[in-house]
Amino acid sequence: MSLFWRLLLLNAAVLVAGAAALLLGPATVSAPFFVAEALILAIGLAVMLVVNAILLRIGLAPLERLARVMTTIDPLRPGARLAVTGHGETADLIKTFNTMLDRLEDERATSSAVALSAQEAERHRIAQELHDEVGQTLTAVLLELKRVADQAPETVATALHQVQETTRDSLDEIRRIARRLRPGVLEELGLVSALKALTTEVPPRTGLIARCHLDSDLPDLGDATELVLYRVAQESLTNTVRHARATRVELSLRSGPTGVELSIRDNGGGLGSAPEGAGIRGMRERALLIGARLTLGPGARGGTEVRLHVPTATKAPEHV
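With the first letter of the sequence shown counted as 1, position 9 gets the number 9 in UniProt numbering; the numbers rise by one all the way through.
These are calculated hints, taken from the structure and not from any lab test.
Ideal Cβ placement from N, Cα and C applies to all residues, glycine included.
This list has only true hints and no planted wrong ones.
Quick list of simulated restraints, FRET-style, between CB atoms: (1) P311 x G190: 18 to 28 Å; (2) P153 x P275: 56 to 66 Å; (3) P275 x V141: 36 to 46 Å; (4) V192 x L104: 33 to 43 Å.
My request is simple: use the sequences and hints to build the entire structure.
Printed below as a string of C-alpha coordinates:
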(Lines of atoms letter the chains of each structure in order from A and count residues from 1; the text may use other names and numbers.)
(Lines give C-alpha, C1' and ligand atoms only; values in the text may rest on other atoms or scores of the structure.)
Protein backbone atom coordinates (compact mmCIF):
# COMPACT_ATOMS: atom_id res chain seq x y z
CA MET A 1 0.00 0.00 0.00
CA SER A 2 1.41 3.40 -0.94
CA LEU A 3 2.21 6.08 1.61
CA PHE A 4 -0.67 8.25 0.33
CA TRP A 5 -3.30 5.59 0.90
CA ARG A 6 -1.93 4.61 4.28
CA LEU A 7 -2.05 8.21 5.52
CA LEU A 8 -5.52 8.66 4.05
CA LEU A 9 -6.82 5.50 5.74
CA LEU A 10 -5.25 6.51 9.08
CA ASN A 11 -7.03 9.86 8.99
CA ALA A 12 -10.26 8.23 7.81
CA ALA A 13 -10.10 5.71 10.65
CA VAL A 14 -9.73 8.50 13.20
CA LEU A 15 -12.61 10.48 11.71
CA VAL A 16 -14.86 7.41 11.51
CA ALA A 17 -14.10 6.57 15.13
CA GLY A 18 -14.98 10.14 16.17
CA ALA A 19 -18.20 10.11 14.19
CA ALA A 20 -19.20 6.74 15.67
CA ALA A 21 -18.54 8.04 19.16
CA LEU A 22 -20.87 10.97 18.52
CA LEU A 23 -23.59 8.82 16.97
CA LEU A 24 -23.54 5.96 19.44
CA GLY A 25 -22.47 7.79 22.57
CA PRO A 26 -24.75 9.61 25.02
CA ALA A 27 -23.40 13.04 24.06
CA THR A 28 -25.72 15.33 22.10
CA VAL A 29 -25.51 18.88 20.81
CA SER A 30 -28.42 21.28 21.00
CA ALA A 31 -28.97 24.64 19.37
CA PRO A 32 -27.93 26.83 20.92
CA PHE A 33 -25.26 24.55 22.47
CA PHE A 34 -24.42 24.51 26.13
CA VAL A 35 -20.96 24.99 27.61
CA ALA A 36 -20.81 21.34 28.71
CA GLU A 37 -21.58 20.19 25.17
CA ALA A 38 -18.83 22.44 23.74
CA LEU A 39 -16.41 21.05 26.32
CA ILE A 40 -17.26 17.47 25.29
CA LEU A 41 -16.71 18.30 21.60
CA ALA A 42 -13.40 20.03 22.38
CA ILE A 43 -12.19 17.01 24.33
CA GLY A 44 -13.25 14.68 21.52
CA LEU A 45 -11.48 16.82 18.94
CA ALA A 46 -8.30 16.91 21.06
CA VAL A 47 -8.36 13.10 21.43
CA MET A 48 -8.77 12.70 17.66
CA LEU A 49 -5.86 15.04 16.97
CA VAL A 50 -3.58 13.27 19.49
CA VAL A 51 -4.42 9.83 18.11
CA ASN A 52 -3.88 11.06 14.55
CA ALA A 53 -0.51 12.59 15.51
CA ILE A 54 0.64 9.36 17.17
CA LEU A 55 -0.36 7.25 14.17
CA LEU A 56 1.37 9.64 11.74
CA ARG A 57 4.50 9.68 13.91
CA ILE A 58 4.65 5.89 13.83
CA GLY A 59 4.04 5.79 10.09
CA LEU A 60 6.67 8.44 9.24
CA ALA A 61 9.34 7.33 11.75
CA PRO A 62 11.33 5.33 9.12
CA LEU A 63 11.53 8.42 6.91
CA GLU A 64 12.83 10.51 9.80
CA ARG A 65 15.53 7.91 10.52
CA LEU A 66 16.45 7.92 6.84
CA ALA A 67 16.78 11.71 6.87
CA ARG A 68 19.08 11.58 9.91
CA VAL A 69 21.32 8.98 8.25
CA MET A 70 21.45 11.03 5.05
CA THR A 71 22.74 14.07 6.96
CA THR A 72 25.50 12.08 8.71
CA ILE A 73 26.85 10.04 5.79
CA ASP A 74 30.62 10.51 5.36
CA PRO A 75 32.21 8.98 2.23
CA LEU A 76 35.47 8.47 4.13
CA ARG A 77 33.69 6.47 6.84
CA PRO A 78 31.69 3.93 4.85
CA GLY A 79 29.43 1.18 6.07
CA ALA A 80 26.59 3.25 7.58
CA ARG A 81 23.31 1.68 6.52
CA LEU A 82 19.72 2.05 7.69
CA ALA A 83 17.73 -0.99 8.74
CA VAL A 84 14.84 -1.62 6.37
CA THR A 85 11.67 -0.90 8.36
CA GLY A 86 8.19 0.24 7.46
CA HIS A 87 6.09 -0.95 4.55
CA GLY A 88 5.45 -0.20 0.92
CA GLU A 89 7.10 2.93 -0.44
CA THR A 90 8.96 3.64 2.80
CA ALA A 91 10.75 0.28 2.78
CA ASP A 92 11.46 0.63 -0.95
CA LEU A 93 12.95 4.07 -0.39
CA ILE A 94 15.29 2.79 2.36
CA LYS A 95 16.38 -0.16 0.20
CA THR A 96 17.07 2.17 -2.72
CA PHE A 97 19.07 4.50 -0.50
CA ASN A 98 21.21 1.64 0.84
CA THR A 99 21.78 0.34 -2.70
CA MET A 100 22.81 3.82 -3.80
CA LEU A 101 25.36 4.00 -0.96
CA ASP A 102 26.80 0.62 -1.98
CA ARG A 103 27.22 1.80 -5.55
CA LEU A 104 28.72 5.17 -4.58
CA GLU A 105 31.22 3.58 -2.20
CA ASP A 106 32.29 1.05 -4.84
CA GLU A 107 32.71 3.78 -7.45
CA ARG A 108 34.61 6.00 -5.03
CA ALA A 109 36.96 3.14 -4.11
CA THR A 110 37.63 2.45 -7.79
CA SER A 111 38.25 6.09 -8.70
CA SER A 112 40.43 6.61 -5.61
CA ALA A 113 42.54 3.58 -6.51
CA VAL A 114 43.10 4.96 -10.00
CA ALA A 115 43.93 8.44 -8.69
CA LEU A 116 46.33 7.19 -6.01
CA SER A 117 48.00 4.86 -8.49
CA ALA A 118 48.55 7.80 -10.84
CA GLN A 119 49.86 9.84 -7.90
CA GLU A 120 52.39 7.17 -6.99
CA ALA A 121 53.51 6.94 -10.64
CA GLU A 122 53.98 10.72 -10.77
CA ARG A 123 55.94 10.67 -7.52
CA HIS A 124 58.14 7.94 -8.96
CA ARG A 125 58.78 10.01 -12.09
CA ILE A 126 59.60 13.20 -10.17
CA ALA A 127 61.91 11.33 -7.79
CA GLN A 128 63.69 9.75 -10.74
CA GLU A 129 64.20 13.13 -12.39
CA LEU A 130 65.45 14.69 -9.15
CA HIS A 131 67.94 11.86 -8.74
CA ASP A 132 69.10 11.59 -12.34
CA GLU A 133 68.96 15.20 -13.48
CA VAL A 134 69.22 17.60 -10.55
CA GLY A 135 71.29 15.26 -8.39
CA GLN A 136 73.85 14.56 -11.06
CA THR A 137 74.06 18.24 -11.98
CA LEU A 138 74.75 19.26 -8.38
CA THR A 139 77.32 16.47 -8.07
CA ALA A 140 79.11 17.83 -11.13
CA VAL A 141 78.97 21.34 -9.63
CA LEU A 142 80.54 20.03 -6.40
CA LEU A 143 83.40 18.39 -8.30
CA GLU A 144 84.02 21.56 -10.31
CA LEU A 145 83.96 23.70 -7.19
CA LYS A 146 86.50 21.41 -5.57
CA ARG A 147 88.78 21.63 -8.63
CA VAL A 148 88.56 25.42 -8.71
CA ALA A 149 89.03 25.72 -4.95
CA ASP A 150 92.22 23.65 -5.08
CA GLN A 151 93.70 26.09 -7.61
CA ALA A 152 92.35 29.35 -6.19
CA PRO A 153 94.01 31.69 -3.69
CA GLU A 154 93.33 31.06 -0.03
CA THR A 155 90.75 33.84 0.40
CA VAL A 156 88.82 32.71 -2.68
CA ALA A 157 89.19 29.04 -1.73
CA THR A 158 87.56 29.73 1.65
CA ALA A 159 84.52 31.29 -0.04
CA LEU A 160 84.37 28.41 -2.51
CA HIS A 161 84.41 25.88 0.34
CA GLN A 162 81.38 27.64 1.83
CA VAL A 163 79.64 27.42 -1.52
CA GLN A 164 80.57 23.73 -1.60
CA GLU A 165 78.93 23.13 1.77
CA THR A 166 75.77 24.95 0.70
CA THR A 167 75.64 22.93 -2.52
CA ARG A 168 76.24 19.70 -0.62
CA ASP A 169 73.40 20.54 1.79
CA SER A 170 71.13 21.21 -1.17
CA LEU A 171 72.11 17.89 -2.72
CA ASP A 172 71.34 16.06 0.53
CA GLU A 173 67.94 17.81 0.72
CA ILE A 174 67.10 16.84 -2.85
CA ARG A 175 68.03 13.23 -2.13
CA ARG A 176 65.86 13.29 0.99
CA ILE A 177 62.92 14.64 -1.01
CA ALA A 178 63.45 11.98 -3.65
CA ARG A 179 63.43 9.26 -0.99
CA ARG A 180 60.16 10.60 0.40
CA LEU A 181 58.60 10.69 -3.04
CA ARG A 182 59.76 7.19 -3.95
CA PRO A 183 60.43 4.93 -0.95
CA GLY A 184 63.16 2.84 -2.52
CA VAL A 185 64.02 1.34 0.85
CA LEU A 186 60.48 -0.08 0.99
CA GLU A 187 60.96 -1.84 -2.34
CA GLU A 188 64.48 -3.04 -1.58
CA LEU A 189 64.54 -3.81 2.16
CA GLY A 190 60.88 -4.18 3.17
CA LEU A 191 58.37 -2.42 5.39
CA VAL A 192 60.19 -2.73 8.72
CA SER A 193 63.39 -1.16 7.38
CA ALA A 194 61.41 1.57 5.62
CA LEU A 195 59.58 2.53 8.83
CA LYS A 196 62.87 2.60 10.75
CA ALA A 197 64.28 4.90 8.09
CA LEU A 198 61.30 7.22 8.49
CA THR A 199 61.98 7.75 12.18
CA THR A 200 65.65 8.44 11.55
CA GLU A 201 64.79 11.12 8.97
CA VAL A 202 63.04 13.38 11.51
CA PRO A 203 64.95 16.70 11.31
CA PRO A 204 67.15 17.15 14.42
CA ARG A 205 66.40 20.89 14.53
CA THR A 206 62.81 20.14 15.57
CA GLY A 207 63.92 18.68 18.89
CA LEU A 208 61.57 15.76 18.31
CA ILE A 209 62.69 12.37 19.62
CA ALA A 210 61.32 9.54 17.47
CA ARG A 211 61.18 5.93 18.63
CA CYS A 212 59.89 2.86 16.82
CA HIS A 213 58.73 -0.56 18.01
CA LEU A 214 58.29 -2.97 15.12
CA ASP A 215 57.41 -6.64 15.01
CA SER A 216 59.65 -8.59 12.69
CA ASP A 217 57.31 -11.58 12.20
CA LEU A 218 54.71 -9.80 10.10
CA PRO A 219 52.38 -11.77 7.80
CA ASP A 220 52.60 -11.40 4.04
CA LEU A 221 50.76 -8.14 3.47
CA GLY A 222 51.34 -7.50 -0.22
CA ASP A 223 52.96 -4.53 -1.92
CA ALA A 224 49.84 -2.34 -1.93
CA THR A 225 49.14 -2.81 1.79
CA GLU A 226 52.76 -2.15 2.71
CA LEU A 227 52.72 1.04 0.66
CA VAL A 228 49.55 2.22 2.45
CA LEU A 229 51.11 1.51 5.85
CA TYR A 230 54.24 3.39 4.83
CA ARG A 231 52.33 6.42 3.48
CA VAL A 232 50.10 6.65 6.58
CA ALA A 233 53.17 6.53 8.85
CA GLN A 234 54.91 9.11 6.66
CA GLU A 235 51.98 11.52 6.68
CA SER A 236 51.47 11.09 10.45
CA LEU A 237 55.11 11.86 11.21
CA THR A 238 54.99 14.86 8.88
CA ASN A 239 51.93 16.22 10.69
CA THR A 240 53.63 15.67 14.04
CA VAL A 241 56.73 17.59 12.94
CA ARG A 242 54.76 20.46 11.41
CA HIS A 243 51.78 20.93 13.71
CA ALA A 244 51.90 18.94 16.95
CA ARG A 245 54.57 20.93 18.87
CA ALA A 246 55.60 17.60 20.37
CA THR A 247 58.90 16.50 21.88
CA ARG A 248 58.36 12.76 21.54
CA VAL A 249 56.70 10.49 18.98
CA GLU A 250 56.43 6.70 19.01
CA LEU A 251 55.78 4.57 15.96
CA SER A 252 54.78 0.94 16.43
CA LEU A 253 53.72 -1.86 14.11
CA ARG A 254 52.25 -4.92 15.80
CA SER A 255 50.90 -8.18 14.46
CA GLY A 256 47.90 -9.65 16.25
CA PRO A 257 45.37 -12.44 15.80
CA THR A 258 42.99 -10.21 13.83
CA GLY A 259 45.50 -8.33 11.73
CA VAL A 260 48.30 -5.79 11.73
CA GLU A 261 48.05 -2.47 13.56
CA LEU A 262 50.13 0.63 12.92
CA SER A 263 50.17 3.25 15.67
CA ILE A 264 51.77 6.71 15.79
CA ARG A 265 51.52 8.53 19.14
CA ASP A 266 52.94 11.91 20.15
CA ASN A 267 52.83 14.12 23.24
CA GLY A 268 51.87 17.31 21.41
CA GLY A 269 48.92 19.63 21.67
CA GLY A 270 46.38 17.26 20.12
CA LEU A 271 43.97 17.75 17.25
CA GLY A 272 41.77 20.34 18.94
CA SER A 273 38.90 21.67 16.84
CA ALA A 274 40.90 22.00 13.64
CA PRO A 275 39.18 20.47 10.57
CA GLU A 276 40.76 17.52 8.85
CA GLY A 277 43.13 18.59 6.09
CA ALA A 278 44.03 17.02 2.78
CA GLY A 279 46.69 14.83 4.40
CA ILE A 280 44.26 13.14 6.79
CA ARG A 281 41.67 12.74 4.05
CA GLY A 282 44.34 11.12 1.91
CA MET A 283 45.13 8.67 4.71
CA ARG A 284 41.45 7.76 5.02
CA GLU A 285 41.15 7.15 1.28
CA ARG A 286 44.22 4.91 1.30
CA ALA A 287 42.84 2.96 4.25
CA LEU A 288 39.56 2.39 2.42
CA LEU A 289 41.38 0.89 -0.55
CA ILE A 290 42.75 -2.01 1.49
CA GLY A 291 39.73 -2.45 3.79
CA ALA A 292 41.59 -1.04 6.79
CA ARG A 293 40.18 1.05 9.65
CA LEU A 294 41.82 4.40 10.41
CA THR A 295 41.14 6.21 13.68
CA LEU A 296 42.50 9.53 14.90
CA GLY A 297 42.03 10.97 18.36
CA PRO A 298 43.65 11.92 21.64
CA GLY A 299 46.16 9.48 23.05
CA ALA A 300 45.84 7.77 26.43
CA ARG A 301 48.40 10.21 27.88
CA GLY A 302 47.55 13.25 25.82
CA GLY A 303 48.74 14.28 22.41
CA THR A 304 47.45 12.61 19.25
CA GLU A 305 47.27 8.96 18.28
CA VAL A 306 46.78 7.62 14.77
CA ARG A 307 45.83 3.96 14.42
CA LEU A 308 45.53 1.94 11.23
CA HIS A 309 44.17 -1.59 11.66
CA VAL A 310 44.62 -3.87 8.65
CA PRO A 311 42.67 -7.15 8.89
CA THR A 312 44.79 -10.15 8.01
CA ALA A 313 42.18 -11.48 5.60
CA THR A 314 42.07 -8.22 3.65
CA LYS A 315 42.96 -8.59 0.01
CA ALA A 316 44.38 -5.32 -1.20
CA PRO A 317 44.00 -4.07 -4.75
CA GLU A 318 46.83 -4.76 -7.13
CA HIS A 319 47.84 -1.10 -7.38
CA VAL A 320 47.54 1.76 -4.94
